[in-house]
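K.L.:
Residue-level listing of the chains:
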Amino acid sequence: MSTSATNSNARTAWLFILPAVLIMAAACLYPVVSAVRLGFYDWSMGTPWAQAKWSGWTSFEIVFTDPAMWRSLLTTLKFAAVSVSAEMFLGIALALALEGNIRGMAFFRTLFILPMMVAPIAVGLTWRYLFDAQFGLINAVLAVFGVAAKGWLADETLAFAAIIISDIWQWTPFVFIMVIAGLANVDTSVLEAARIDGARWWTLTTRVKLPMIAHVLAITLVMRLIDAFRVLEVIYVLTFGGPGDSTEVLSLHIYKTAFIGQKLGAASAISVLLLVVVMVLTWLALRMSNPLADSEKDK
Amino acid sequence: MIAGVELINVTKRFGENTIVDSISLSAAAGEFIVLVGASGCGKSTILRMIAGLESVTKGQIMIKGRDVTQVRPDERDIAMVFQNYALYPHMSVAENMSFALTLTRTPKDEIKRRVGEAARILGIEQLLERKPKALSGGQRQRVAMGRAIVREPSVFLFDEPLSNLDAKLRAQMRVELALLHKRLGKTTVYVTHDQVEAMTLADRIVILDRGAIQQIGSPAEVFNRPRNVFVAGFIGSPVMNMLKGYIVEEDNVELPDTGARIKLPVPVRGATGKPVVLGIRPQGLILNEGPDAVLHMQVKVAEYLGTETVLNGTLANSDEAVTSSLNGEHGGLAGKQIGLSIDPAHVHVFDAGTGLNLIH
Chain A
1 MSTSATNSNA RTAWLFILPA VLIMAAACLY PVVSAVRLGF YDWSMGTPWA QAKWSGWTSF
61 EIVFTDPAMW RSLLTTLKFA AVSVSAEMFL GIALALALEG NIRGMAFFRT LFILPMMVAP
121 IAVGLTWRYL FDAQFGLINA VLAVFGVAAK GWLADETLAF AAIIISDIWQ WTPFVFIMVI
181 AGLANVDTSV LEAARIDGAR WWTLTTRVKL PMIAHVLAIT LVMRLIDAFR VLEVIYVLTF
241 GGPGDSTEVL SLHIYKTAFI GQKLGAASAI SVLLLVVVMV LTWLALRMSN PLADSEKDK
Chain B
1001 MIAGVELINV TKRFGENTIV DSISLSAAAG EFIVLVGASG CGKSTILRMI AGLESVTKGQ
1061 IMIKGRDVTQ VRPDERDIAM VFQNYALYPH MSVAENMSFA LTLTRTPKDE IKRRVGEAAR
1121 ILGIEQLLER KPKALSGGQR QRVAMGRAIV REPSVFLFDE PLSNLDAKLR AQMRVELALL
1181 HKRLGKTTVY VTHDQVEAMT LADRIVILDR GAIQQIGSPA EVFNRPRNVF VAGFIGSPVM
1241 NMLKGYIVEE DNVELPDTGA RIKLPVPVRG ATGKPVVLGI RPQGLILNEG PDAVLHMQVK
1301 VAEYLGTETV LNGTLANSDE AVTSSLNGEH GGLAGKQIGL SIDPAHVHVF DAGTGLNLIH
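In order, the protein sequence lines correspond to chains A and B. Using our numbering, the first residue of the first sequence is number 1, and each one after it goes up by one. Using our numbering, the first residue of the second sequence is number 1001, and each one after it goes up by one.
In short, the hints are calculated from the structure, not lab data. Even glycine gets a Cβ: it sits at the ideal position worked out from N, Cα and C. Worth double-checking, as some hints may not be accurate.
Said to hold, decoys possible - Simulated restraints on C-beta separations:
| hint | chain 1 | residue 1 | chain 2 | residue 2 | range |
| --- | --- | --- | --- | --- | --- |
| 1 | B | Ala1134 | A | Leu15 | 32 to 40 angstroms |
| 2 | B | Asp1021 | A | Asp187 | 24 to 32 angstroms |
| 3 | B | Gly1015 | A | Thr206 | 33 to 41 angstroms |
| 4 | A | Ala93 | B | Val1071 | 26 to 34 angstroms |
| 5 | A | Glu233 | B | Thr1102 | 44 to 52 angstroms |
| 6 | A | Val280 | B | Ala1178 | 51 to 59 angstroms |
| 7 | B | Lys1336 | A | Ser8 | 52 to 60 angstroms |
| 8 | B | Arg1120 | A | Arg230 | 24 to 32 angstroms |
| 9 | A | Thr206 | B | Gly1306 | 52 to 60 angstroms |
Said to hold, decoys possible - Listing some non-contacts, in silico: residues in chain A with all C-beta distances to chain B over 10 angstroms:
| hint | residue |
| --- | --- |
| 10 | Ala25 |
| 11 | Leu158 |
| 12 | Val190 |
| 13 | Ala194 |
| 14 | Ile196 |
| 15 | Arg207 |
| 16 | Met212 |
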């Protein structure tokens, strides 16, 4: 094909995708750019934007030297590391246990994905009642086994455990559903070839099945990581960052800085930091197995 | 002598459906056996039972004299090549080929030696570091065979290994498979629906229909002495002509539509008046423009194939379809009525009721 024809084809292709690209750019980039810009201004809500003062790097300097922000970032990293690892492990284990055609499995699969569909605020409220020191079901169950009542949401370690438990409860189903869909697409003859080659269950799972759905696992991990760093509602309702700031994840810290502290510039600066952290982690996760890069190579 | 593979009254049922019905079959050590039949005839199920991928409902499977009916696939001393190659997509060619050996903790230099040797035989040495995705269909096929070879099994199982390749490559791989078998001399069970593969590769062909063996024999046997109508219709290209008629005077078949009488190569004793199916290979219908032509054919389509011309049409004054295969170029016969005589060597007579061959 001649070069001019190729160019005109490429132009046509660009014209087709242009509207989508423009909408995506507007919807995704505009808020990001605005947030970054806001970081350079000193502005309080309720005052006209025209009165916002240019503050240069001040907000960033304040934020980066604020120990509360670093504590919050550490809390977020701990929260994401523990909850996402547990969710990946449990989700994969459940999917491996429940794949295939076992009688009544459709019912269980539906049951397992229900938590994912519950609104986060409702999840937060539900767990708050469950963890309630006086009336909560969890203490009631523990009492049956002779364990003394615990102030779940009043103790720093227990409160941190509580937000992790609620997150695992809500998001393991997401991992489960992604992995089980991935496993359903694995070519059965490859598994049969592995059986003939002598692979038993553990080898088959760890050296054939899971590597074959590495793309699905990578995407699932990225999506869970991004979500774990943005988690807000459940913790807002469950602990509001307390006791002290033991469960104050970064998004809650941003919320408090912006709407309680009325420091929108500083809140934006932290948002930018959060964005950078999530981008770095996503990049690392996709380096393990990147479906987009692989589909490029296929062409 | 101990058979390479032996099936003794093997039955496979899925619920109420009998897929394989009490089959007995024995492949001598080093023999190349081809299971052939239309889709759904049970040939792949038989292969999968030999591999241990499918349980056996009833009966016994023996490999080199050892009962393996309840033995795990990897302990049966077999290797299998799948239709879609079934390569591990996340492993390189070398890793694909050595996977089984690493699981049995074979020493590294032994693995290297065997992989290198198989790669050399198959001409894929330069591909060892590539992933399956970066290979063509033919190369993937070779890797799948390499994976089977490095295990040095007693029995090779092939499940329609060439059906995903284009016609030219299929013909080439067919030759390579034949050479490979000659070189390795291992018992091979090969499943295909392609009769050309069956005829060219097999020491013996097993023709299956609806879960039962119709005939076992060398390619020449099943072609020249088909046991029944099914085998006669399945083996041979173009397909054998099947004309309804009845036997007169023990050594003639009369076709009621045309009144034609066809002399049989050997008489069928005591069968006068019996309704039969007369089978004539298209190669046995010879152009005869003289007055002694036995049949007359209205040619509808003439397909010129280079060395032969296949004429498709009907018997004159009848709507029974007939095909004739003539040497040379006869494209001009399309639309014409022609006379045909019959080569008795290509004539078969089948019982109209049981379908059994009455003269061979």
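K.L.:
With reference to the structure, classify each hint as holding or not holding.
P.N.:
Outcome of the hint check:
Checked against the given bound of 32 to 40 angstroms, the beta carbons of B:Ala1134 and A:Leu15, roughly 33 angstroms apart, stay inside it. Distance hint check for B:Asp1021 and A:Asp187: the Cβ-Cβ separation is about 30 angstroms, which falls inside the suggested range of 24 to 32 angstroms. As the Cβ distance of B:Gly1015 to A:Thr206 is approximately 34 angstroms, the hint placing it in 33 to 41 angstroms holds. Restraint check, A:Ala93 to B:Val1071: a C-beta distance of roughly 30 angstroms satisfies the suggested window 26 to 34 angstroms.
Checking the proposed 44 to 52 angstroms range against A:Glu233 and B:Thr1102 shows it holds: the Cβ atoms sit about 49 angstroms from each other. Our hint of 51 to 59 angstroms for A:Val280 and B:Ala1178 holds, since their Cβ atoms are close to 57 angstroms apart. With their beta carbons about 54 angstroms apart, B:Lys1336 and A:Ser8 fall inside the hinted range of 52 to 60 angstroms. Separation of B:Arg1120 from A:Arg230 is about 56 angstroms and departs from the stated range, judged on CB atoms against 24 to 32 angstroms.
For the pair A:Thr206 and B:Gly1306, the beta carbons lie near 55 angstroms from each other, so the given range of 52 to 60 angstroms is met. Chain B leaves A:Ala25 outside its interface by the beta-carbon criterion, the shortest separation being 33 angstroms against a cut-off of 10 angstroms. Against chain B, the non-interface label of A:Leu158 holds: every CB pair exceeds 10 angstroms, the least being about 42 angstroms. A:Val190, annotated as away from the interface, has a beta carbon of chain B within 10 angstroms; the closest lies near 5 angstroms.
For A:Ala194, the non-interface assignment is contradicted: its Cβ lies about 7 angstroms from the closest Cβ of chain B, within the 10 angstroms cut-off. With a minimum CB-CB distance of about 5 angstroms to chain B, A:Ile196 fails to clear the 10 angstroms threshold, and the non-interface call is violated. At roughly 8 angstroms from the closest C-beta of chain B, the C-beta of A:Arg207 falls inside 10 angstroms, breaking its exclusion from the interface. For A:Met212, the requirement that its beta carbon stay farther than 10 angstroms from each beta carbon of chain B is not met, with the minimum near 6 angstroms.
When held up to the earlier numbered hints, the structure conflicts with 8, 12, 13, 14, 15 and 16 and fits the remainder.
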